[in-house]
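Enquirer: Protein chains in written order, with numbering that gives the first Met the number 0: chain B, 0 to 467; chain H, 0 to 87.
Warning: the hint list may mix true and false statements.
What the simulated footprint calls covered on chain H by chain B, stretch by stretch (three residues with Cβ under 8 Å from a Cβ of chain B suffice, anywhere in the stretch; the number is not a length) [to be verified]:
| no. | segment |
| --- | --- |
| 1 | 16-23 |
| 2 | 59-71 |
Pairwise CB distance ranges (calculated) [said to hold, decoys possible]:
| no. | chain 1 | residue 1 | chain 2 | residue 2 | range |
| --- | --- | --- | --- | --- | --- |
| 3 | B | Asp380 | H | Ser29 | 29 to 39 Å |
| 4 | H | Glu43 | B | Arg204 | 35 to 45 Å |
| 5 | H | Glu43 | B | Asp191 | 43 to 53 Å |
Take a look, some chain B residues computed to stay more than 12 Å from chain H by CB distance [stated by the list, open to error]:
| no. | residue |
| --- | --- |
| 6 | Ser5 |
| 7 | Cys188 |
| 8 | Gly193 |
| 9 | Glu273 |
| 10 | Arg374 |
| 11 | Val415 |
| 12 | Leu419 |
| 13 | Pro442 |
| 14 | Asp455 |
| 15 | Phe463 |
If you're looking for bench data, these hints aren't it; they were derived computationally from the structure.
Positions of the beta carbon are idealized from the N, C-alpha and C atoms, including for glycine.
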Amino acid sequence: MTKLKSTLRSALEAAGLTSGMTVSFHHHLRNGDHVLNMVLDEAAAMGIKNLTLQASSIFPVHAPLIGHIQSGVVTGIETAYMSGPVADAISHALLARPVVFRSHGGRAQAIASGRVHIDIAFIAAPCADCAGNLNGLYGPAACGSLGYAFTDARYADCVVAITDHLVPYPAAPASIDETQVDYVVQVPCIGDPGGIVSGTTSVTRDPVGLRIAEYAAQVMASSGLLQEGFSFQTGAGGASLAVTEYLKPLLRARGITAGFGMGGITGAMVDMLENGYVRSLLDVQCFDLRAVASIRDNPAHQEIPALRYAAPIARGSAVDQLSCVVLGATEIDVDFNVNVHTDSSGVILGGSGGHSDTAAGAQLTMIVAPLMRARLPIVVDRVGCISTPGSTVDVLVTQRGIAVHPARRELRDALVAAHLPVYDIHALRDMARRITGTPAVLPHGHRVVGVVEYRDGSLLDQIFALDE
Amino acid sequence: MNIIRTAACGTLESSDALITVAPGDGLQISIQSVVLRQFGAQIEASVRDVLRELEVTGAIITVEDRGAVDCVLRARCETALRRAAKEE
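Put together the whole structure using the sequences plus the hints.
Expert: Here it is in structure tokens:
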């Protein structure tokens, strides 16, 4: 019996795709992904209905999903992040069942524990052989790490690898190997490399962003954590990325090398690795093509599965080893709860990703954000959606001032001693409001369109529809 | 102040507003804003303030706001009105 199927249709038939199943997808091809759309189009053509989508993220490129929801092909979505037309449509109550939002670690844990069952996992495989050994390092759609796909491949009942770069057996390395893959299908194109690169991965030149990054690095320096073996994760947003630029001279001045950098990996982190500022990188997802080249060529740049990255109940996960994480926010409230799911009007525009996982694990969790965006203050009385609980957040850094969680007195004292501009978080809120005015508190709709699960599976918050 | 021609002030950049003024009978104000739900009432109140200060009783005013703070809105509004009254 050969695993190699000549068409997507024959692979779906062999995998036994039927109505009502849960199918999973991973998002390493990001906004260049063709796999999710091609599988759902084929399922629709086969007359399949009532699928639950277990997708690690949904991007603007997945807009055709809206049609599949309207026609009943897809009736449930569980994900860690969604942006673009699908997110907009969900906010307008497109889907009858609420979307289940999990963190990257929470998703992996839910799958590994059996609480979430996957019938068929579809693996976008940039390089694969006929037996299903596959990796993300080679081929026209090379995307680097396949971190989020590992859990799906290991626990799904059936695994279908979809590739546009079939190589002679054995493909090497085998990130996911033939013991986990049931079928392989070759298609003309699995993704557009131009869409793999995130739109947000260039270091900012905005003076506000640079000031925030400078303060953030000074907070790290004053925290007492910046010692040999220091480890860190930064987001791919402009200000987060700029933190690495300010971190370098601090490391050099103290003569220390960071132990590891983690996360979605960018060229900025690769630069730190290649120049000896950090000993290794743990990579669950590559954000740009420089990271893809590095994970292929540099043994110190390791691919890690989502479960090892961030799962809460596994025997150990790397977030628990983090000294410091730098994260963004669409809003933060006076209790330090952070929203990364919805914008100030309540429209879905993101999700946890690894936000709440790293916040829970790291010794120092830092939120970086401008004091206001256009006319909206970043600090609010109560966030529209709790993505990350305030009890796991230590400090907010804005261009005008820094607020420390009241439970971290010693950190606050250290920052004051370092002459950093420390304020009570209410004072930062009021500072912004003196410039912007006080925004009206918006009523939300009554229909629940999303539920946010915390990483341990408990219900953290709900997302409501916009005006019905 | 008499509005005698169409004029505008501002841009559509983030944190700015484009305000267009044209001759009309009575005051007709239309507002589009990225923060309409949070600040729509405050934006209209500010525009009406400026109209009152300049004693404008007939104008069609269109506000396209990209999240400008109040002092910017008022300044854009006043300049658009003065241009439309051919004061410059």
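Enquirer: Compare the structure with each hint and give your call.
Expert: Results of checking the hints against the structure:
| no. | hint | verdict |
| --- | --- | --- |
| 1 | 16-23 | violated (count 0) |
| 2 | 59-71 | holds (count 5) |
| 3 | Asp380(B) to Ser29(H): 29 to 39 Å | holds, 31 Å |
| 4 | Glu43(H) to Arg204(B): 35 to 45 Å | holds, 36 Å |
| 5 | Glu43(H) to Asp191(B): 43 to 53 Å | holds, 45 Å |
| 6 | Ser5 | holds, 50 Å |
| 7 | Cys188 | holds, 36 Å |
| 8 | Gly193 | holds, 26 Å |
| 9 | Glu273 | holds, 36 Å |
| 10 | Arg374 | violated, 4 Å |
| 11 | Val415 | holds, 30 Å |
| 12 | Leu419 | holds, 26 Å |
| 13 | Pro442 | violated, 9 Å |
| 14 | Asp455 | holds, 34 Å |
| 15 | Phe463 | holds, 14 Å |
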